[in-house]
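Colleague: We have chain A; now place chain B onto it with these hints.
Each protein sequence line maps, in turn, to chains A and B.
Quick note: the first sequence uses our numbering, first residue 1, plus one each step.
Quick note: the second sequence uses our numbering, first residue 607, plus one each step.
Since the hints were made in silico from the structure, they are not lab data.
Be aware that one or more of the hints could be misleading.
Straight line, CA to CA, 30 Å or less: simulated DSBU-like cross-link-like pairs of lysine-lysine [claimed, not checked]:
hint	chain 1	residue 1	chain 2	residue 2
1	A	Lys-338	B	Lys-687
2	B	Lys-687	A	Lys-97
3	A	Lys-325	A	Lys-338
4	A	Lys-325	B	Lys-687
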Amino acid sequence: MTQDQLNFIFIGISFAIYIGIAIKSRAGSTKEYYTAAAGVSPLANGMATAADWMSAATFISMAGTVALSGYDASRFLMGWTGGFVLLTILMVPYLRKFNKATVPDFVGDRYYSRLARGVAVGCAIFICMTYIMGQMRGVGVVFSQLFGISITSGVIIGGAIVFFYAGLGGMKGITYTQVAQYCVMAFAYTIPAIFIAMALTGNVLPQIGLISDYTAGGEVVPFLEKLNNINTELGFAEYTSGKLSTMNMFCITAALMCGTAGLPHVIVRFFTVKNVNAVRKSACWTLLFIAVIYLTAPAIGAFARVNLIERLHDTSYQEAPYWLKEFEQTGQMAWIDKNDDGKIQYYGPSKSVAGTHAVFQGKKPSYATLKAVDGQLVGKHGQRLLANEVDTSNPNELWFGNDIMVMANPHMAGLPMWVIALLMAGCIAAALSTAAGLLLVLSTSISHDLMKRILKPDLSDQDEVRSARVASFLALAVAVYFGINPPAQFIAKTVAFAFGLAASSFFPTLLMGIFSKRMNREGAIAGMLCGILFTFGYIIYFQFLDGTPDQYLMGITPEGIGFVGMLINFAVAFLVSAYTAAPPKEVQEMVENIHIPSGSGEASHH
Amino acid sequence: MKDSPPHSHRRACLRIVLGLLAAWFSVSFGCSILFREWLDANAPQVGSAPFGFWMAQQGAIICFVILLVVYAVLMNRLDAKHGYAEDL
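With the rest of the complex left out, here is chain A (with noise of 0.2 Å):
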C-alpha cells in the first residue's frame, strides 16, 4: 500500500467519524446552537476547549519555532498556556454564572449601553475573522499537498466540510466533534516524539529526553548541551539564552496571555458546561490537554533540531537522506550549492561578516515551471533549482520552513507510513477543529449579537437560529476568499492583531466588568476605545507604514503592544468612571449576583 492510499484511508475514517457525531448531536434550539444547553461533561469540554484552541499554525510550526529560537520560543508557549490561569480564575466562573450565550452579551448588559455592545461585536467579529482565515488557508494547504489539488479547490473543500458540521451542527454538534479531533491530535502529535526520544536520548518521555542525555552516536553528553554547542559551532546563538530583551519579552508574554484571557471563542466555550462548579473543573481538563502538547513541542523542536543538522550539514547531496528530496518537491525545503563542492552547509548569522543567513533573496523559495519531464528543474546534483536570486553575503546554503521539524520527525525517525497518515490526519483535525469554533462564534456574534439584540429585537427562537446558519456561511465564504487570495502580509500580522486586540479591548474591560461595582458606560467605552486606538495605530504604523525598529517604545515589538494598550485601557477607564455617575442599581446587583456561584442553571434570561 503506497502512503497516499495509506493518508486517504486515516483522513477519509476521521471524517467520517466528525461528521458522523456531527449528525447524531445536531442541534434544533437556540441554546443548544450557541452553548450546546449547557449540557457538556466538564472533561468532554476540556477536551473539546483544547482541540478549538489549538490551530493547524501551533500544531504545524510550534515545534519548528521553537526549535529555530530556543529559550525565545517560551513566549508563547507560557503566553499560550497561563493565560488560561487567568482565564479560570478570574473571568469564566464569573461570566457562566452571568448565563448568556456570547461575550458582547455580557459587555452590552453590564455597561447598560448599545454603543458598548456594538463596540464589543466588532472587536469578536475581526478577532474571529484574522483567525479562520488563517486556519482555511491551512486546511487548503493540506489537502493541497495530500491529495495533489490545488489550494483553491482544498481550500473550498475545506469550507464545505467545516460548514456541514459547523453550521448545522451548532455548539452540541461541533463540540462533540472536537473531542474526536482532539484525540487525534494529541496520538499524531507526541507517537513520533516518543520515537524520536527513544532513538536520540534512550528516553520514552520527551520531556525527560529534553533534560538527559543525548546517547546517539560518539560520546554521551546532556543534550542541551549538544545543541548549545552545535549552534554556536554553526553560528547560531545559544540554544538555551535568549535575544530578545528582558522588557519586550515580559511585554509578549504578558500580552500573549491577556489576550487568550479575553479571547470571546474561548470563553464562550465555558458557557457550555452546567454551572460553576463545572466550568473549574473543566478549566482543570482543558489546560491538562493543551498542556500535553505544549510540553511535548520544545522537545520535539530540540530533538528535531539536532537530527536534522545530524542528517544533513556537510553532507553530499546525493547521500543526503531521501525525505529532503520529498520535501524540495512540495518547496518546504531547498538547497542552493554557494561554493559549489556538492556538500550541503548550513550556518548561522555569526558564520558571515553582514550578519545575515539567507539562502536567497525573498521569504520563499519561487521555482521556475521549465520544460523539464515533470516540470520542475534539477541542477547537477539533482537538486531542484530556485528561481530566487542567491543571497551572496553568506555561506547559508539550506534552507526549512518552520513546518518541517513537526512534518520531517516521522521521516527522520524512520516511523512507519501510518505514522505519516495519522500526522497529516492530525493536522487536518487542528485546521478543522478551530475554524468550526471561530465559525460557530461568528455566526452567534452576527445572528445574536447584531440581527437579535442591536437591529431587530422581535426575531423568534428558530428564525434566529436560521439566521445564524445563514451567517455562518456567509462568515465561511469571506474566510474562504480570503484563503483562496490570503492578504499575505496581513496573515503574517495575526497574531499581534488578534491577541494585541483581545488584550486591550475584552480582557481589561471583562475584567473591570467582573470585579468593580462602580465602573460605569462612560468609563469602560472611553477605556475600550483608547485602548484599541492605541494598540491598533502602533501595530499599523510599524506593520504597514513605514515605522522602524528604533521608534519602538521602549524596545517593545508590535506583539507586546497589547500588554500597553491594556494598561491604558485600565486607566482611561478609572479616571473617566470616576468621574462621572454610577451605574445604575440593577446592575449594581447584578455585579453582586454574579458572585454568587451557585444558582447559574436556572437563571435563564432568554
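Modeller: What follows is chain B alone, placed relative to chain A:
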C-alpha cells in the same frame, strides 16, 4: 451586613484568587523572565537544563496546571462551607 454569607464568601474567594495570581506571576514572569539569568547561573539544574530555561519551557506550564487544580479544590471547599455547593 458585613459578615453575611455573600460578603465573607467574596472576601475568602478574593484571597484565594490573589494568592494564586501571585504564584502564577512568580513562576511565569518571575522565574522564567525577570530572574531567569540569575537562576540559570545559580539555581540547581533540572536534569541537564538550566533552571530558568527549564521553567520557561516546561516548569511554568506544569505549575499552571497545578494552580488550576488547587483553585478548583479550594473554591469548591469554600462554596460548600457557605452553602453554595452544586453537584456536577
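Colleague: Are the hints correct? Go through all of them and say.
Modeller: Status of each hint after checking the structure:
1. Restraint check for Lys-338/A and Lys-687/B: the C-alpha separation of about 73 Å exceeds 30 Å, so the hint is violated.
2. Distance hint between Lys-687/B and Lys-97/A is fulfilled; the C-alpha atoms sit about 19 Å from each other, no more than 30 Å.
3. The straight-line distance between the Cα atoms of Lys-325/A and Lys-338/A is roughly 18 Å, inside the 30 Å bound, and the hint therefore holds.
4. Between Lys-325/A and Lys-687/B, the direct Cα distance comes to roughly 65 Å. Violation of the 30 Å bound is thereby established for this hinted pair.
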